[in-house]
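Asks: Residue strings, one per chain:
Protein chains: 2
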Amino acid sequence: MNQKESPVTIEDVAKRAGVSRATAGRVIGNYGKTSMAVKEKVMNAVKELNYSPNAMARSLRSKKTNTIAIVVDRISNHFFVKVIEAIEKEAFDKSYSVIICNTHEDVRNEITQLKSLRSRRVDAIILAPAYTKDQKIREKNIDAYESDIPIVFIDYEPDEIKADSITSDNYGGGYKATEYLIGLGHRNIGVLTTDKFFTEKERVSGYLDALKNNNIEFQSTWLIQADAHEFGQSSHAVKELLMLNNDITAVLVVNNGLCAGTIIGIQEFGKKIPEDISLIVWDDSEITELMNITTIAQFPEFIGKVAVHRAIELVNDKSKAEEEVKKNLSIELRVRKSCKKI
Amino acid sequence: MNQKESPVTIEDVAKRAGVSRATAGRVIGNYGKTSMAVKEKVMNAVKELNYSPNAMARSLRSKKTNTIAIVVDRISNHFFVKVIEAIEKEAFDKSYSVIICNTHEDVRNEITQLKSLRSRRVDAIILAPAYTKDQKIREKNIDAYESDIPIVFIDYEPDEIKADSITSDNYGGGYKATEYLIGLGHRNIGVLTTDKFFTEKERVSGYLDALKNNNIEFQSTWLIQADAHEFGQSSHAVKELLMLNNDITAVLVVNNGLCAGTIIGIQEFGKKIPEDISLIVWDDSEITELMNITTIAQFPEFIGKVAVHRAIELVNDKSKAEEEVKKNLSIELRVRKSCKKI
Numbered sequence: 001m002n003q004k005e006s007p008v009t010i011e012d013v014a015k016r017a018g019v020s021r022a023t024a025g026r027v028i029g030n031y032g033k034t035s036m037a038v039k040e041k042v043m044n045a046v047k048e049l050n051y052s053p054n055a056m057a058r059s060l061r062s063k064k065t066n067t068i069a070i071v072v073d074r075i076s077n078h079f080f081v082k083v084i085e086a087i088e089k090e091a092f093d094k095s096y097s098v099i100i101c102n103t104h105e106d107v108r109n110e111i112t113q114l115k116s117l118r119s120r121r122v123d124a125i126i127l128a129p130a131y132t133k134d135q136k137i138r139e140k141n142i143d144a145y146e147s148d149i150p151i152v153f154i155d156y157e158p159d160e161i162k163a164d165s166i167t168s169d170n171y172g173g174g175y176k177a178t179e180y181l182i183g184l185g186h187r188n189i190g191v192l193t194t195d196k197f198f199t200e201k202e203r204v205s206g207y208l209d210a211l212k213n214n215n216i217e218f219q220s221t222w223l224i225q226a227d228a229h230e231f232g233q234s235s236h237a238v239k240e241l242l243m244l245n246n247d248i249t250a251v252l253v254v255n256n257g258l259c260a261g262t263i264i265g266i267q268e269f270g271k272k273i274p275e276d277i278s279l280i281v282w283d284d285s286e287i288t289e290l291m292n293i294t295t296i297a298q299f300p301e302f303i304g305k306v307a308v309h310r311a312i313e314l315v316n317d318k319s320k321a322e323e324e325v326k327k328n329l330s331i332e333l334r335v336r337k338s339c340k341k342i
Numbered sequence: 001m002n003q004k005e006s007p008v009t010i011e012d013v014a015k016r017a018g019v020s021r022a023t024a025g026r027v028i029g030n031y032g033k034t035s036m037a038v039k040e041k042v043m044n045a046v047k048e049l050n051y052s053p054n055a056m057a058r059s060l061r062s063k064k065t066n067t068i069a070i071v072v073d074r075i076s077n078h079f080f081v082k083v084i085e086a087i088e089k090e091a092f093d094k095s096y097s098v099i100i101c102n103t104h105e106d107v108r109n110e111i112t113q114l115k116s117l118r119s120r121r122v123d124a125i126i127l128a129p130a131y132t133k134d135q136k137i138r139e140k141n142i143d144a145y146e147s148d149i150p151i152v153f154i155d156y157e158p159d160e161i162k163a164d165s166i167t168s169d170n171y172g173g174g175y176k177a178t179e180y181l182i183g184l185g186h187r188n189i190g191v192l193t194t195d196k197f198f199t200e201k202e203r204v205s206g207y208l209d210a211l212k213n214n215n216i217e218f219q220s221t222w223l224i225q226a227d228a229h230e231f232g233q234s235s236h237a238v239k240e241l242l243m244l245n246n247d248i249t250a251v252l253v254v255n256n257g258l259c260a261g262t263i264i265g266i267q268e269f270g271k272k273i274p275e276d277i278s279l280i281v282w283d284d285s286e287i288t289e290l291m292n293i294t295t296i297a298q299f300p301e302f303i304g305k306v307a308v309h310r311a312i313e314l315v316n317d318k319s320k321a322e323e324e325v326k327k328n329l330s331i332e333l334r335v336r337k338s339c340k341k342i
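Chains A and B supply the protein sequences, listed in that same order.
If you use the working numbering, the first sequence corresponds to residues 1 to 342, in order.
If you use the working numbering, the second sequence corresponds to residues 1 to 342, in order.
These are calculated hints, taken from the structure and not from any lab test.
Treat the hints with care, since some could be wrong.
One copy or two, it doesn't matter: identical chains are merged, so the pair holds either way.
Said to hold, decoys possible - Cross-link-like lysine-lysine pairs, in silico, DSS-like; alpha carbons within 25 Å at most:
no., residue 1, residue 2
1, K89, K133
2, K162, K115
3, K82, K196
4, K89, K196
5, K39, K320
6, K94, K318
7, K320, K89
8, K239, K337
9, K115, K64
10, K327, K176
11, K272, K337
12, K337, K271
Based on the provided sequences and hints, a complete structural model is requested.
Replies: Below is the structure:
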């Protein structure tokens with residue numbers, strides 16, 4: 001039936017059967033869930049087109065390589081570096097090796113990387129996804145996310161596609177930090193965030209609810225957004241916060257990338273930590289240890305470990321994918337010397 | 001002639017011809033340099049054993065994948081993160097994608113990773129090698145380093161094997177930092193280093209020569225070694241330095257991993273920077289900007305760019321490997337506020 005010169009591809013089969021490439025892949029590869037009706041349609045298309053799966057691709061795919069890929073949005077974030085090292089440690093203990101791909105916070109890179117990992121002989125992928133304003137882009141490129149290679153999300157709970165996710169209790173952390181400041185007598189508490197990440201939105205929700213439950217009316221000038229990749233941006237943002245609100249006595253920073261710039265900004269504004277401004281930042285780092293800053297600490301070691309366990313479980317038993325796993329790991333307030341009772 | 005059940009491998013050919021696997025690979029793959037005599041020996045062995053190269057492996061290898069692998073000894077080092085991001089940027093501009101492998105400063109991991117990259121469809125490898133006390137281990141595993149995939153070393157000039165290398169002028173940086181301190185009137189200058197890296201040995205050589213050329217006699221108690229991965233270690237090391245030499249007025253730190261601990265140690269010893277102790281550290285970072293520390297800055301962007309250019313040159317023209325490239329890139333003294341004239 002096939003009139004074309006070039007070999008029949010799985011896309012041709014999918015088109016003929018009227019299903020997505022991913023679905024055709026599931027039927028032909030005999031993994032995942034599909035209805036009998038769909039199976040029949042795909043297998044008919046296979047026969048009609050005289051399709052034979054590419055031998056090399058099949059051989060690559062059926063062969064376990066004991067490799068996990070980590071696809072991360074930015075390796076210059078020290079939190080992700082700790083998660084990556086934890087994943088590598090755990091993977092090594094389980095005789096898996098690891099390759100890392102960096103998407104530079106660009107969802108198009110993420111999609112390209114995921115697609116190319118199919119041919120790069122990995123058994124599973126752990127994905128810290130890139131931020132995107134286009135909520136539909138992952139759905140539109142569902143092939144990249146629903147191949148025969150299992151994906152475990154970290155630091156993000158996808159709404160748009162069905163997938164496992166391992167996150168920290170971001171909401172709880174925002175709540176705990178704010179309540180700690182309120183307990184020290186603070187009522188006018190600013191918050192610095194980027195306008196991007198899922199995790200930060202959760203943290204800010206926790207902050208807002210803690211204010212509300214303590215009868216403090218949130219002022220819109222208390223929340224300032226900044227870019228996390230330039231000192232100048234975050235130091236400018238905190239100065240704007242202090243300029244707009246001369247009664248602010250505490251600042252919560254919900255993105256670790258804003259930490260250094262915030263400290264510089266507060267100093268440049270002529271204020272002292274903690275005498276004038278109490279400060280809590282997200283994630284422990286060399287800077288927070290060095291400068292004795294109170295933090296909300298996540299447990300990157302634990303996140304990495306849990307993600308690897310789930311990934312290997314999915315590699316060893318594809319049927320496990322049917323029960324979706326969402327884990328929300330605990331966080332910790334680490335009190336140092338950057339907050340003052342008032 | 002082959003009596004075995006299993007297929008003849010390139011190792012069998014190499015053994016029969018009495019050459020290394022790498023040499024057999026070069027002859028069969030028709031790349032690199034080999035003498036006519038060796039070629040004949042290998043081709044005779046091929047005929048005698050009725051060897052045919054694995055079709056899949058050959059197809060994988062002959063097919064350009066536009067992928068570069070970076071194998072790095074520790075991604076938690078912020079200098080390497082900057083180099084990696086520079087490599088990715090340059091590779092992206094040249095339509096290459098990048099995968100990253102982390103060896104955790106273990107040369108055995110490095111060898112395993114390099115070997116497995118052969119089957120992982122990469123065109124070239126940029127390697128920041130792991131430290132090893134066993135100078136012979138790379139020679140013993142020369143196969144990992146001399147495959148048909150070109151390798152460009154960064155941050156290391158290998159003696160033990162023939163390879164391209166891109167490094168900073170580590171000797172010159174050590175010399176420049178020390179001469180700057182001498183120019184400010186310092187004569188008793190301590191130095192903190194780990195006992196590991198090639199780069200640090202060069203930096204310390206520069207320090208020693210600058211002392212010598214300024215008629216300052218080096219005291220053995222001025223050099224203290226510490227581990228770079230624990231705050232406690234480096235803060236202990238600087239306290240030891242100050243305890244052993246109460247006339248020290250300046251400290252040069254030649255490993256960025258020792259920076260935070262050194263600052264803490266000086267503070268804990270009850271000394272102030274720069275009033276009591278002038279401080280210069282290697283590599284710019286958030287901490288050096290935040291704390292106004294004078295640094296010797298390398299140019300990670302440039303290192304990444306040069307490494308990618310060379311790697312792609314080797315991918316496109318294997319004969320270019322015949323001229324070995326050693327580049328020694330310039331460094332810069334960035335004066336901030338951590339050094340005082342005495």
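Asks: For K94 vs K318, is the C-alpha pair at or below 25 Å within one copy, between two copies, both, or neither?
Replies: Answer is within: at 18 Å inside a copy they meet the 25 Å cutoff, but 38 Å across does not.
Asks: Should K39 paired with K320 be assigned to within, between, both, or neither, using CA atoms and 25 Å as the limit?
Replies: within (20 Å within a copy, 53 Å between copies)
Asks: When no copy is named, should K239 and K337 be tagged within, between, both, or neither for a Cα gap of at most 25 Å?
Replies: Intra 21 Å, inter 23 Å, cutoff 25 Å: intra and inter.
Asks: Between the shortest in-copy and the shortest cross-copy C-alpha distance, which are at most 25 Å for K89 and K133: within, between, both, or neither?
Replies: between (34 Å within a copy, 23 Å between copies)
Asks: With 25 Å as the alpha-carbon cut-off, assign the pair K337 and K271 to within, between, both or neither.
Replies: Both: 16 Å inside a chain and 20 Å across chains, each within 25 Å.
Asks: Taking 25 Å as the upper bound on the Cα-Cα distance, should K272 and K337 be classified as within, between, both, or neither?
Replies: both (12 Å within a copy, 20 Å between copies)
Asks: Quick one: K89 to K196, C-alpha cut-off 25 Å, is that within a copy, between copies, both, or neither?
Replies: Classified as between; 22 Å across copies, 30 Å inside a copy.
Asks: Checking K82 and K196: alpha-carbon separation at most 25 Å within a copy, between copies, both or neither?
Replies: For K82 and K196, both the intra-copy (21 Å) and inter-copy (23 Å) Cα distances are at most 25 Å.
Asks: Are the CA atoms of K327 and K176 at most 25 Å apart within a copy, between copies, both, or neither?
Replies: within (19 Å within a copy, 52 Å between copies)
Asks: How would you label the pair K162, K115 (within, between, both, or neither) given a Cα cut-off of 25 Å?
Replies: within (18 Å within a copy, 36 Å between copies)
Asks: Is it within, between, both, or neither for K320 and K89, if the alpha carbons may be no more than 25 Å apart?
Replies: Only inside one copy: K320 and K89 sit 24 Å apart there, 38 Å across copies, limit 25 Å.
Asks: For K115 and K64, with the copy left unspecified, which applies at a CA distance of at most 25 Å: within, between, both, or neither?
Replies: both (18 Å within a copy, 17 Å between copies)
Every hint from the earlier list agrees with this structure, and none is contradicted.
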